[in-house]
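In order, the protein sequences belong to chains A and B. Residue 28 in the numbering used here sits at position 28 of the first sequence, and the numbers go up by one each step. Residue 58 in the numbering used here sits at position 58 of the second sequence, and the numbers go up by one each step.
Hints are supplied without guarantee of correctness; some may be wrong.
Here are the simulated DSBU-like pairs of lysine-lysine, each with C-alpha atoms no more than 35 Å apart in a straight line [said to hold, decoys possible]: (1) B:146 - B:303; (2) A:108 - B:196; (3) B:303 - A:108; (4) A:188 - B:196; (5) B:146 - B:131; (6) A:188 - B:303; (7) A:188 - A:108.
Not everything, but these chain B residues come out facing chain A in the computed CB check (under 7 Å) [stated by the list, open to error]: (8) 131; (9) 134; (10) 294; (11) 310.
Honestly, the hints are just simulated from the structure, not real lab data. In this text, a Cβ means the ideal position worked out from N, Cα and C, and glycines have one as well.
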Amino acid sequence: VDFLVNLLPHLLNGVALGLLFALVALGFMLIIGVMEVINLAHGSLFALGAYVALATLTADGGLRVEWLRGYFALPVAWRFAVALVVAPVAVAAVGLVLERCLRRTYGKDPLYGLLLTFGAALVLEETIRVVWGPTERFLPLPAAITGGVRVGELIYSVYRFFASAFAIAMILLLWLFLERTPYGALIKAGAHDSEMVRALGVDLTRLRSYVFAFGVALAAIAGIIMAPIWGVRPHVGVDAVVPAFVVIVLGGVGSFGGAVLAGLLVGMLVGLTGAFVTDWSLISMYILLIVVVTFRARGLLGKKSVLEA
Amino acid sequence: MTLRGWITGPMLVAFALFGTLPLWIAEVGLYSYLGVEILIWCIFALGFNVLLGYTGLPSFGHGAYFGIGAYALGLTQLRLAPSLWLGLLAATVVAAALAGAVGLFISHRRGIYFALMTLAFGQMFFFIASKWTSVTRGEDGLLNIKRLPVDLGIVAVDLRSNTALAYFAFACFVVVAVLLWRLVHSPFGTVLRAIKQNEGRAAFLGYNVFLYKWASFTLSAAVAGFAGGLFAMAQNGAYVQAMSLQWSGIVVLMTLIGGGLVSFWGPVVGAVVFFVARDLLGAYTETWLLWYGLMFMAVVMFKPEGIAGMWQAAVRRAAARRGPAAAGGVRVPAEP
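Isolated chain A, as found in the complex:
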């Protein structure tokens, strides 16, 4: 029993990680569903979200503007709240621009969309390097969500609780949005058969723009929440986008529940292996992916999807 109790903090870390993976993966999946584009720049937009948060949180984070001095004197908690709004909006704006570029690839081989977003990932990462420098940065956090809390014998990181709760809230909101609003119905219909949605008189072009912007905004939010756990560096996007791929393929493309389930599985696996064989923790998710996909080609809860066409 002691052994199991000692596992709890690692399990909590894994759950926090997994929920954030799921959040990134869900945004990614919305884009695949409606646009049939694999957004390889998703990770870079995740990183951009963290950097925009850095700029809104710290005075030396890129915004060295005189009239903002009063703003940077505000308490960290306020600035953190501002960052949680500003960063997704800014990243969504970048997403809108990228979507304009992507329009030229619609109706062609899906390979072109993949390649275009790959180029965009390269450009974004280099832009981050130019603006913020190549070194690792850290987000300052409000005191309320830092430190540790003692439960019984063990110390848990408060931030992991915050990250998990925040991610759960976001996932629930997203689910409500998709299942309970007319916009969600449109998005789901678009993922099912976009041509039919267009034939029914919906402006598909605008729907795609919004879905893309919305999807990358989710990545940006995940980027901010992940930043204190992983640190902020230009290359962090790859660390986020690859697990997102794994989560989607593992959970089954197009399945909301599958993505959450796979996210939690991957997160807990990474967290638990991290406790015992730290060096090999990141590889465990690929092994899980290979094992699952070998036996269930469409992932855990997947149905036939556009990607197989």
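Position chain B relative to chain A; hints supplied.
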């Protein structure tokens, strides 16, 4: 089989250019080592294009096989036997064997699913290489790989100078280019193109699509491994960076910008453009990769056929201007 099936005009032009490269590269302000790099990446990209351009399968994890080749050559040389040929053979065979195993998992997939799976496997190899320090020396890399002489029995050519290595890389390039050209213009290559156009139809015609895709993947990885072996010689070491996602991406960039989707020589053009851009832009700005990335995005958006595609379009226009008769009444779709 006539000679024309093996050697063509553009091939001779490419060979003449690259074969004389060490003679004039210093004159235009560049250096022989750049020639070595270009030739190695030409080999890598030509092999990659069998998969991307001819079979239509995008791999985002091919850097892994390049890196595996580099490690295989290094380990063979340092631990087994100091032989150039054995090292290069090991680089090719080990990369092919591992890719063959991966191919079993991914060859029934296509399109984006295929891309994701290659990426996952590529990352897996990357992590193994960076963590299995007892074999790969982790982040430090496998150092002290020697450029062993080319032993031809009666004479041995020393490769320690970059000029000599450039000639050797050129010889390898000639062999690989001729063999790959022959391969993609064989019945095998025709089936690959059929799979690219419509996998379902190719299967209905009775071809074992799985086997052809597997063979295409394994073959391109074998060429990548061979190129990686040469690269380990050029760098005097094997480093884990070669297996990173970024390097896997670079070969995709090269192949596409050059025009691998429409021309056999596209990847070669792309490799040359990439390295020249790196050196020329890199001399002016630290952020050359940013500009190169923007250029790549522009190519995908406006001219996905790449540089070779622009060239073909220009040739067609010139032919049309000379007279509609010369251009021919029937438009033949561009053959890659």
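Next pair to validate is residue 108 of chain A with residue 196 of chain B; report whether the Cα-Cα distance is within 35 Å.
14 Å, holds
For the hint on residue 131 of chain B, does the least C-beta distance to chain A fall short of 7 Å?
Hint on residue 131 of chain B: holds, closest Cβ of chain A at ~4 Å, below 7 Å.
CA of residue 303 of chain B to CA of residue 108 of chain A, is that 35 Å or under?
12 Å, holds
For the hint on residue 294 of chain B, just tell me whether its beta-carbon gets within less than 7 Å of chain A.
6 Å, holds
Going straight from one Cα to the other, do residue 188 of chain A and residue 196 of chain B come out at no more than 35 Å?
30 Å, holds
Could you grab the alpha-carbon distance between residue 188 of chain A and residue 303 of chain B and see if it respects the 35 Å cut-off?
33 Å, holds
With 7 Å as the cut and Cβ atoms as the points, is residue 134 of chain B at the interface with chain A?
For residue 134 of chain B, the interface hint is violated, since the closest Cβ of chain A sits about 12 Å away, which is over 7 Å.
Does residue 303 of chain B lie within 35 Å of residue 146 of chain B when you go C-alpha to C-alpha?
42 Å, violated
Straight-line alpha-carbon gap residue 188 of chain A to residue 108 of chain A, limit 35 Å:
Given pair residue 188 of chain A, residue 108 of chain A holds - Cα atoms ~22 Å apart, limit 35 Å.
Hold the hint about residue 310 of chain B up to the distance rule: shortest CB distance to chain A must be less than 7 Å.
16 Å, violated
Taking 35 Å as the top limit, are the C-alpha atoms of residue 146 of chain B and residue 131 of chain B close enough?
Measuring from Cα to Cα gives roughly 24 Å; hence the hint holds.
Figure legend: structure checked against the earlier numbered hints; hints not met, in rising order: 1, 9 and 11.
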